[in-house]
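With these hints in hand, go ahead and build the complete structure from the sequences.
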Amino acid sequence: MMAAVAAADGGVPRSRSRAAAIAATLGACLLGAALAALPLFGIGPNLIRLLFVTLVWVTASVAWNLLGGFGGQVSFGFAVFYGLGAYAAAVALNAGLDPFSSCLLAAGVAVVASLAIGLPTFRLKGPYFAIATIGVSEAVRVVMTNVSATGGASGYRVMERGTFHQLQHFYSALGLAAGAVAISVLVRRSRLGLALVAVREDEDAAADLGVSPLRAKLLAHAIAAALTGAAGGIHARYAAYVNPQGEFAFAISVAILLMPIIGGVGTIWGPVIGAGIYGLVHEEIIAAFPELHLLIYGSLLILIVLFEPAGIVGLLGRLMRFAGRHRRRGRVRAASTP
Amino acid sequence: MPPPLLEVEHLTKTFAGLAALQDVSFELEAGGIYGLIGPNGAGKTTLLAVLAGALRPTSGRVHFAERDLAGATAFTAVRAGIVRTHQVPRPFRTLSVLDNVEVGLRFGRGQAGAKAAGAGDAIRETAGAEDAALRILERVGLAHHANAAAGTLSVGDQKRLELARALATRPSLLLCDEVCSGLTAPETESVLLLLREIRQAGTTILYVEHDLKAIMSICDRVIVMNLGQKLAEGTPAEVQRDPAVIEAYIGAKGAKGANAAGR
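Chains as they are written, first to last, in our numbering: chain A, 10 to 347; chain B, 262 to 524.
Hint data in this document are derived by calculation from the structure and do not stem from the laboratory.
Among the hints, a few may not be true.
Below, in silico cross-link-like pairs of lysine to any residue (SDA-like), each with a Cα-Cα straight-line distance of 20 Å or less [said to hold, decoys possible]:
id : chain 1 : residue 1 : chain 2 : residue 2
1  : B       : 474       : B       : 417
2  : A       : 134       : B       : 509
3  : A       : 134       : B       : 315
4  : A       : 134       : B       : 329
5  : B       : 474       : B       : 445
6  : B       : 474       : B       : 431
7  : B       : 474       : B       : 448
8  : B       : 474       : B       : 300
9  : A       : 134       : B       : 334
10 : A       : 134       : B       : 445
Bear in mind that the values here come from a model prediction, so they are computed numbers and not experimental data.
Structure representation (structure tokens):
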């Protein structure tokens, strides 16, 4: 997995051509506008629910990629932030806080958790860090199962006054996902982004050039936790119910890591694509293969890491280069035939 | 006389009881090229690692430009003006050559100035850094590879990249660990020329090398180490005549042919 993360960038120059950047921005705006307009075309509430859930996944996936993709720190512990965010928002909503402030609080709680987890675990490198995050994540789940204030294992209900507006939930998830992508772009271009990729490639060499690896990792962890916590909060408000087996499940951590790897780890759009696919097909796969769906994800992960570490984005790039070569060759042939 | 740039006093570094550095003391004046030689296992690389903040000394004092740096982390050492290049190049392989240099530019001592100039404007700051990075690449002769992935460079070019990244941090003391090993004779010549230019521009250099010819040709003074201790110090000519140095390098019996070893 480390190798997959490291190989992901594949020597793509950080500063791409201006035209490509403008095209990507335009495409992103169009995608966002299309999603925003979709409910106006009378799609059913079930499809809106599916899109809502997918957007929550997009946010978490893009967040994970900040630390795992850019920084190369593979964490299996993002369910902690998702779950703590969900619980924090649930408690805040029940205390009468407005939805926006509740999600801010969810992000804040997740940030505090990210620092508490990051300070000790970032001393570990590579697989040791990954294993430590599994331990922390399971520990938090067990603790939350035994906290009686939030209902322990039986979970905690969110009781919000006022009528339920599905579209309000949808647009808040869309806004958060768009914000996550924008943050991802900004981080990638910033000094922090440069520090993260340098740390991913060679932590000690980065330190020898003045980078503080711990500071870069903690900062990326905190930003990622804030986004993931807010995503958990938004989902908790929609579901109106949180429970330790659901929000803190190991499967949540694995899903958050799987999506960016499917799409293309270390890229801007890979995590969005991966989460889009996962979000849209996940429920169908569970329904079709209730016993086997985890096996399918596991096999998929192995195949991607072995054959296309840069995920779907890498595959598309390869196809485009192949098509480009083909076209060029065709043109040369056309020119040479009289 | 101005105070020395670097004062090292009674520096000791032990690994599980084994002394890699034992009570090493020396001073470097600003503006010189100093050679650091010694047989394998003498502690040269360990000394550089301690000075660069990658290793914490067990005891002793490192005083650099009026600051106490013993036990400082690597990135505080860089901020203070000490940077090292690695014996085996360690490029950020999937990043472009240009981006490699930008890491040094934006996290070394130059970053305070860059921040003031492009206050908050991430993109403009990047553009400024790109120009500066290109200038440094021109200086070391790598400008034509600016957009290549650093992992695809030849070993010689990777060594130049090590130098370029280090220079980008604007050091006042450059620690070079065997920049010439594995290079052809003409490549070595051009790297030595580059080191002279770097010194000319005001950077003090501490240069570790196995190639005694290279050391003797460009260094003002040479420090000789053996088994973790400082054995001798002096001008290249003095060091070459020192019986203790000759013995450490080729053993007492070969002392007669010793001068040949220095050529």
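Evaluation of the provided hints:
The straight-line distance between the Cα atoms of residue 474 of chain B and residue 417 of chain B is roughly 19 Å, inside the 20 Å bound, and the hint therefore holds. Between residue 134 of chain A and residue 509 of chain B the CA atoms are separated by roughly 39 Å; this puts the pair beyond 20 Å, and the hint is violated. This hinted pair checks out: residue 134 of chain A and residue 315 of chain B have alpha carbons roughly 16 Å apart, not beyond 20 Å. Taking the CA atoms of residue 134 of chain A and residue 329 of chain B, the gap is near 29 Å; set against the 20 Å cutoff, the hint is violated.
In summary, the hint linking residue 474 of chain B to residue 445 of chain B is supported, as the alpha carbons are separated by about 14 Å, within the 20 Å threshold. Taking the CA atoms of residue 474 of chain B and residue 431 of chain B, the gap is near 28 Å; set against the 20 Å cutoff, the hint is violated. For the suggested pair residue 474 of chain B and residue 448 of chain B, the alpha carbons sit about 14 Å apart, so the restraint of at most 20 Å is met. Proposed proximity of residue 474 of chain B and residue 300 of chain B is supported: the alpha carbons are some 15 Å apart, at most 20 Å.
A threshold of 20 Å between alpha carbons decides the hint, and for residue 134 of chain A with residue 334 of chain B the separation of about 18 Å falls inside it, so the pair holds. Between residue 134 of chain A and residue 445 of chain B, the direct Cα distance comes to roughly 37 Å. Violation of the 20 Å bound is thereby established for this hinted pair.
Going down the numbered hints, you'll see the structure goes against 2, 4, 6 and 10, while the others check out.
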